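Q: Please model the complete structure; the sequences and the hints are all you need to start from.
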Amino acid sequence: MRRFAGIAGFFLKSRLLGRDIPLIASFKLTYRCNLACGACPFHVLAGGPGTHMTWDVACSRLDSLSRGGCPIVVFEGGEPLLWTDGSRTFSDLARHARRRFSCVAATTNGTVALDVPTDILWVSVDGMRETHNALRSGSYDLVMENIRSSVHPRLYVHMTLNRRNWRELEGIVQKVSAMPSVRGVTIQLFYPYKQGEEPLALSPEERLSALTKALRLKRNGYPVLNSAWGLEAMIDNTWTCRERLLANINPDGGMQAGCYVRDRGEVACSQCGFTPVAEASGAYALLPGPLLAGMRLFLAR
1 MRRFAGIAGF
11 FLKSRLLGRD
21 IPLIASFKLT
31 YRCNLACGAC
41 PFHVLAGGPG
51 THMTWDVACS
61 RLDSLSRGGC
71 PIVVFEGGEP
81 LLWTDGSRTF
91 SDLARHARRR
101 FSCVAATTNG
111 TVALDVPTDI
121 LWVSVDGMRE
131 THNALRSGSY
141 DLVMENIRSS
151 VHPRLYVHMT
161 LNRRNWRELE
171 GIVQKVSAMP
181 SVRGVTIQLF
191 YPYKQGEEPL
201 ALSPEERLSA
211 LTKALRLKRN
221 GYPVLNSAWG
231 LEAMIDNTWT
241 CRERLLANIN
251 PDGGMQAGCY
261 VRDRGEVACS
271 QCGFTPVAEA
281 SGAYALLPGP
291 LLAGMRLFLA
301 R
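Everything in the sequence shown is counted per our numbering, starting at 1 for the first residue and increasing by one.
Heads up, some of the hints might be wrong.
[To be verified] Cut-off 30 Å, straight-line C-alpha distance, at most; resulting in silico cross-link-like pairs (DSBU-like, lysine-lysine):
(1) K218 / K175
(2) K213 / K175
(3) K194 / K213
[Claimed, not checked] Computed beta-carbon distance windows for the label pairs:
(4) S87 / M295: 20 to 28 Å
(5) R129 / G221: 19 to 27 Å
(6) E170 / D236: 38 to 46 Å
(7) A300 / T54: 18 to 26 Å
(8) L215 / R99: 18 to 26 Å
(9) S64 / I235: 20 to 28 Å
(10) F11 / A113: 30 to 38 Å
(11) I235 / R88: 42 to 50 Å
(12) T84 / P288: 38 to 46 Å
(13) R262 / G18: 21 to 29 Å
(14) S203 / R88: 39 to 47 Å
(15) R88 / L16: 33 to 41 Å
Calculated from the structure, these hints are not laboratory results. Just so you know, these numbers come straight off a predicted model, no measurement behind them. In this text, a Cβ means the ideal position worked out from N, Cα and C, and glycines have one as well.
A: Below, the structure is given as structure tokens:
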């Protein structure tokens, strides 16, 4: 009921009353990470000023978002589950957020215990053992063991498709969908920030093949939780982007509305791979596929 009421309230205030409210807050707590993934432009920033948020700043930004009517917050990093400030841990911050938001989620590299008090937890798996290890600092076996042993009530596996791993999507979906702890799989596409990360962007032909593969898996009954509309829309990126549905919070406490990449890399809409923004845009337009996908992700028990 808490999740439904908050998200329903967002649509009422935003669509009917015309208020400019973000649906989702991408909340980067820290750039610190225990891995050094080649696809990530953020971990290399760790250690500098403004790269690790304090408890007071985090609470202030969360309270501001909550007062503004944003219903969903997703903690990111770096590795958000490793965040601390003095005696405060990520779990303390997640509990603080759950008293203020309809849905609190986090993304994690899966190398630490997956016992945090979030409503939703996304664990990144970027290929079978050899490929994942090459992309994610040799962490495959530890991640898989943590997934298997997790009792988190809503754990999803998230795969970012790139030129090195997209052919392994079927193998990963088949593997993790057989794990009782996994509620489903979501995918997005690698985006070239051009901030020193590996050149892993899909070619147009690879993009088509990867998304066609994802659609086939979904239609064959595998728990690919992206909507069919969202996957098809990403093939040539002709969907209407409602970027104001996204709020971005950085570790220095800075907040801005709009594109996830702005101030984080080079913006190239034709190469967008951010399926969550496409799904949110489709849901805001009241398209049945994205609406149903969103309800399954954020509202289902």
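Q: Give a verdict on every hint.
A: To see whether the hints hold, each was checked on the structure:
{"no.": "1", "hint": "K218 / K175", "in the structure": "holds (15 Å)"}
{"no.": "2", "hint": "K213 / K175", "in the structure": "holds (16 Å)"}
{"no.": "3", "hint": "K194 / K213", "in the structure": "holds (27 Å)"}
{"no.": "4", "hint": "S87 / M295: 20 to 28 Å", "in the structure": "violated (38 Å)"}
{"no.": "5", "hint": "R129 / G221: 19 to 27 Å", "in the structure": "holds (25 Å)"}
{"no.": "6", "hint": "E170 / D236: 38 to 46 Å", "in the structure": "violated (23 Å)"}
{"no.": "7", "hint": "A300 / T54: 18 to 26 Å", "in the structure": "violated (35 Å)"}
{"no.": "8", "hint": "L215 / R99: 18 to 26 Å", "in the structure": "violated (39 Å)"}
{"no.": "9", "hint": "S64 / I235: 20 to 28 Å", "in the structure": "violated (37 Å)"}
{"no.": "10", "hint": "F11 / A113: 30 to 38 Å", "in the structure": "holds (35 Å)"}
{"no.": "11", "hint": "I235 / R88: 42 to 50 Å", "in the structure": "holds (43 Å)"}
{"no.": "12", "hint": "T84 / P288: 38 to 46 Å", "in the structure": "holds (43 Å)"}
{"no.": "13", "hint": "R262 / G18: 21 to 29 Å", "in the structure": "holds (24 Å)"}
{"no.": "14", "hint": "S203 / R88: 39 to 47 Å", "in the structure": "holds (45 Å)"}
{"no.": "15", "hint": "R88 / L16: 33 to 41 Å", "in the structure": "holds (39 Å)"}
Checked against the numbered hints above, the structure breaks hints 4, 6, 7, 8 and 9 and satisfies the rest.
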